[in-house]
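Top line first, the protein sequences correspond to chains A and B. For the first sequence, the working numbering assigns the number 337 to the last residue and increments by one with no breaks. For the second sequence, the working numbering assigns the number 289 to the last residue and increments by one with no breaks.
No lab work stands behind these hints: they were computed from the structure. Treat each hint with caution, since some may be false.
Unchecked claim - Cβ pair distances, simulated, as ranges: (1) I145(B) - K324(A): 27 to 37 Å; (2) L308(A) - A280(B): 49 to 59 Å; (3) E64(B) - D268(A): 34 to 44 Å; (4) K276(B) - R17(A): 39 to 49 Å; (5) S76(A) - K276(B): 26 to 36 Å; (6) K331(A) - V95(B): 54 to 64 Å; (7) Y15(A) - I156(B): 28 to 38 Å; (8) Y277(B) - F305(A): 45 to 55 Å; (9) K276(B) - G206(A): 34 to 44 Å; (10) L56(B) - A123(A): 34 to 44 Å.
As the list claims (entries may be wrong) - Here are the computed lysine-lysine pairs in the PhoX-like style, where the Cα-Cα straight-line distance is at most 25 Å: (11) K334(A) - K324(A); (12) K276(B) - K122(A); (13) K276(B) - K120(A).
As the list claims (entries may be wrong) - Facing chain A, according to a computed beta carbon distance under 10 Å, are these residues of chain B, among others: (14) T46; (15) I50; (16) S53; (17) Q75; (18) F122; (19) I126; (20) P153; (21) P157; (22) I173; (23) P177; (24) I264.
Cβ atoms here follow ideal geometry from the backbone N, Cα and C, with glycine treated the same way.
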Amino acid sequence: MAKSKSNKRKTVEYGRYGYYFIAPFFIVFAIFQLWPLVYTLGLAFCENYTDTMWNVEVGPTFNGLQNFSTIFVGSDGSLFDTYTFRALGATLIMWLMNFLPQILLALLLAVWFTDTRVKIKAQGAYKILVFMPNIITAATISVLFYKLFDYPNGPINQLFVNSGLWDKPYQFLNTKWATRSIISFINFWMWYGNTMIVLTAGVLGISPSLFEAARVDGATSWQIFKSVTLPLLRPIMLFSLVNSAIGGLQMYDIPKLLTTSGFGDPDYTTRTMTMYIRELAFTGARQMGKASAVSLVLFVVTLFFSLALFYIMRDKDAIREKKAIKAAQKARKGAN
Amino acid sequence: MNKEKDGGLHASIMIQQIIRNAICIFLCILSLIPFWIMIVNATRTSVDIQSSFSLIPSHYLMENWQKLLYQASQNVPLWRYMVNSLIIAGGSTVLSVYFSTMTAYGVTAYKFRGASFAWAFIMAIMMIPVQVSSIGFFRFMYQIGWGNNYMPLIIPAIAAPATVFFMRQYMISALPLEILDSARIDGSGEFRTFNTIAVPLMKPAIATQCIFAFIGSWNNFYTPSMLLTSQAKMTLPMFVQQMRGERFRSDHGIIYVGLVVTIMPIFIVYFLLSKYIIAGVALGGVKE
Numbered sequence: 002m003a004k005s006k007s008n009k010r011k012t013v014e015y016g017r018y019g020y021y022f023i024a025p026f027f028i029v030f031a032i033f034q035l036w037p038l039v040y041t042l043g044l045a046f047c048e049n050y051t052d053t054m055w056n057v058e059v060g061p062t063f064n065g066l067q068n069f070s071t072i073f074v075g076s077d078g079s080l081f082d083t084y085t086f087r088a089l090g091a092t093l094i095m096w097l098m099n100f101l102p103q104i105l106l107a108l109l110l111a112v113w114f115t116d117t118r119v120k121i122k123a124q125g126a127y128k129i130l131v132f133m134p135n136i137i138t139a140a141t142i143s144v145l146f147y148k149l150f151d152y153p154n155g156p157i158n159q160l161f162v163n164s165g166l167w168d169k170p171y172q173f174l175n176t177k178w179a180t181r182s183i184i185s186f187i188n189f190w191m192w193y194g195n196t197m198i199v200l201t202a203g204v205l206g207i208s209p210s211l212f213e214a215a216r217v218d219g220a221t222s223w224q225i226f227k228s229v230t231l232p233l234l235r236p237i238m239l240f241s242l243v244n245s246a247i248g249g250l251q252m253y254d255i256p257k258l259l260t261t262s263g264f265g266d267p268d269y270t271t272r273t274m275t276m277y278i279r280e281l282a283f284t285g286a287r288q289m290g291k292a293s294a295v296s297l298v299l300f301v302v303t304l305f306f307s308l309a310l311f312y313i314m315r316d317k318d319a320i321r322e323k324k325a326i327k328a329a330q331k332a333r334k335g336a337n
Numbered sequence: 002m003n004k005e006k007d008g009g010l011h012a013s014i015m016i017q018q019i020i021r022n023a024i025c026i027f028l029c030i031l032s033l034i035p036f037w038i039m040i041v042n043a044t045r046t047s048v049d050i051q052s053s054f055s056l057i058p059s060h061y062l063m064e065n066w067q068k069l070l071y072q073a074s075q076n077v078p079l080w081r082y083m084v085n086s087l088i089i090a091g092g093s094t095v096l097s098v099y100f101s102t103m104t105a106y107g108v109t110a111y112k113f114r115g116a117s118f119a120w121a122f123i124m125a126i127m128m129i130p131v132q133v134s135s136i137g138f139f140r141f142m143y144q145i146g147w148g149n150n151y152m153p154l155i156i157p158a159i160a161a162p163a164t165v166f167f168m169r170q171y172m173i174s175a176l177p178l179e180i181l182d183s184a185r186i187d188g189s190g191e192f193r194t195f196n197t198i199a200v201p202l203m204k205p206a207i208a209t210q211c212i213f214a215f216i217g218s219w220n221n222f223y224t225p226s227m228l229l230t231s232q233a234k235m236t237l238p239m240f241v242q243q244m245r246g247e248r249f250r251s252d253h254g255i256i257y258v259g260l261v262v263t264i265m266p267i268f269i270v271y272f273l274l275s276k277y278i279i280a281g282v283a284l285g286g287v288k289e
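Can you make the complete structure from the sequences, with help from the hints?
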């Protein structure tokens, strides 16, 4: 008895060091992330801009939901027909255009690289090369593609015109869908290697005996993929989906440095949410208040995806177990 | 009969292998070709670049390089941007990896009230991107006099939830808690135990996270381009943005050689460490 008491005292004594060890993280988080977030939320309900004529800052003064009314209602009174929602739409379109091919190709490669029947010997080298664009500075890649798709004398235009395939150069970066496609392609090209490596690790994590049992039962490769690999890979695929969505919603570097003026040409059709926020806050009248309100919209959309992630990643077995225990307890009570 | 069937199966595997390798090789070429065009054009004159497409290097690399150095030195010498990026990336890497290991150690090695809540909280904030709070961050930094300063690019790295997450995953398997008890019996203080016993045991994870933290900070364009205003303090990605501008527009060779310069350090690091980087990604160590 005495022994267990002294033991307990000891663990409590050491336990307080836990707080010391995690303190720096939480202090820095509170100052540099939490406070700025709260500050942004507050500014979203304030009038705050710079009067360009006199170059003086107006506000911040509380103005209720005025910023949000300009975000949700267009100048002609139509709901959602605003720059904010156009930016949100462009962001989501460009994310989807890169994510769908990305996950399909990554899945295909992951299955190939883990196939025990058709072995790919050089896969180490393939992985290194396919992953490479992921770690190169996005800013540099964007400026490189800006040069490659230059009009009229960029290398891509030269290739098609000089080979006689086209009779005149094409204005890639002045065409809505061409620009969107290039931005999506860069994202796809930078990220499918990453997703492939994550999915490969996922497939390798599946118990080999499951594949073996399926093969012994005479399943074809396609059947094994459909009924074993895919269902067991679902959580990790959803994880990549949501993670990619959260990251994709913040897309900035590539459209910023690829588009001709840097403001989402042509006609703001490739302007993402973060580009729009920065443009509101740091150019012209520096509308910090409205920019904060747009940030809040972005935050809510991101939060939605984050919660979806938590919902997907929740421990289903633990929940089921808890429910079973509760049901059993209830049944016993009833019997008593 | 049986032999024939085996032969058929073998042949179909061969065909599959050829198709799959061909597609993989195509993807590898796709990864390399933009960079190859960049390197080739860095060795050509602006007039050549304007007039034709080529995959064969020419011999004007040094000339373009000298012109780039000259053009950049009109303002701020090129090495300055590299040193700036190095200071920020180096500083934030050391802070983020050391303090993340510390935080992970705190929630793993000690039992205290709120430990599991602290862990859940760290997991939750991993999902909040910094971009949504950038307006508040910007204003706050200018209020405390840290605008156009490296501090806001380095200090916040102490709270890096994704790194903490990775560190803890590794710690659970690599750090036996009994060792800590025996260190206590030997009279080692808690912080000394952490620095001399836990940190060395965590070396592989620390190395992996150093690579990711460094590359992440080196590549960062969003925050530096928002905060830094003076030319002499700009980072390499910000210099890349300027290469699109008027100053460099006239000479295409210069731009390509400039892009090569900004990519080279990462190329070298990557091909030296690719094994560890890919292993780290497979462990879910990177999140950006």
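Each hint tested on the structure:
no.: 1; hint: I145(B) - K324(A): 27 to 37 Å; in the structure: violated, 50 Å
no.: 2; hint: L308(A) - A280(B): 49 to 59 Å; in the structure: violated, 31 Å
no.: 3; hint: E64(B) - D268(A): 34 to 44 Å; in the structure: holds, 40 Å
no.: 4; hint: K276(B) - R17(A): 39 to 49 Å; in the structure: holds, 41 Å
no.: 5; hint: S76(A) - K276(B): 26 to 36 Å; in the structure: violated, 56 Å
no.: 6; hint: K331(A) - V95(B): 54 to 64 Å; in the structure: holds, 55 Å
no.: 7; hint: Y15(A) - I156(B): 28 to 38 Å; in the structure: holds, 29 Å
no.: 8; hint: Y277(B) - F305(A): 45 to 55 Å; in the structure: violated, 35 Å
no.: 9; hint: K276(B) - G206(A): 34 to 44 Å; in the structure: violated, 20 Å
no.: 10; hint: L56(B) - A123(A): 34 to 44 Å; in the structure: violated, 23 Å
no.: 11; hint: K334(A) - K324(A); in the structure: holds, 15 Å
no.: 12; hint: K276(B) - K122(A); in the structure: holds, 16 Å
no.: 13; hint: K276(B) - K120(A); in the structure: holds, 20 Å
no.: 14; hint: T46; in the structure: violated, 13 Å
no.: 15; hint: I50; in the structure: holds, 8 Å
no.: 16; hint: S53; in the structure: holds, 6 Å
no.: 17; hint: Q75; in the structure: violated, 20 Å
no.: 18; hint: F122; in the structure: holds, 8 Å
no.: 19; hint: I126; in the structure: holds, 7 Å
no.: 20; hint: P153; in the structure: holds, 7 Å
no.: 21; hint: P157; in the structure: holds, 4 Å
no.: 22; hint: I173; in the structure: violated, 16 Å
no.: 23; hint: P177; in the structure: violated, 16 Å
no.: 24; hint: I264; in the structure: holds, 6 Å
Against the hints set out earlier in the document, violations occur for numbers 1, 2, 5, 8, 9, 10, 14, 17, 22, 23.
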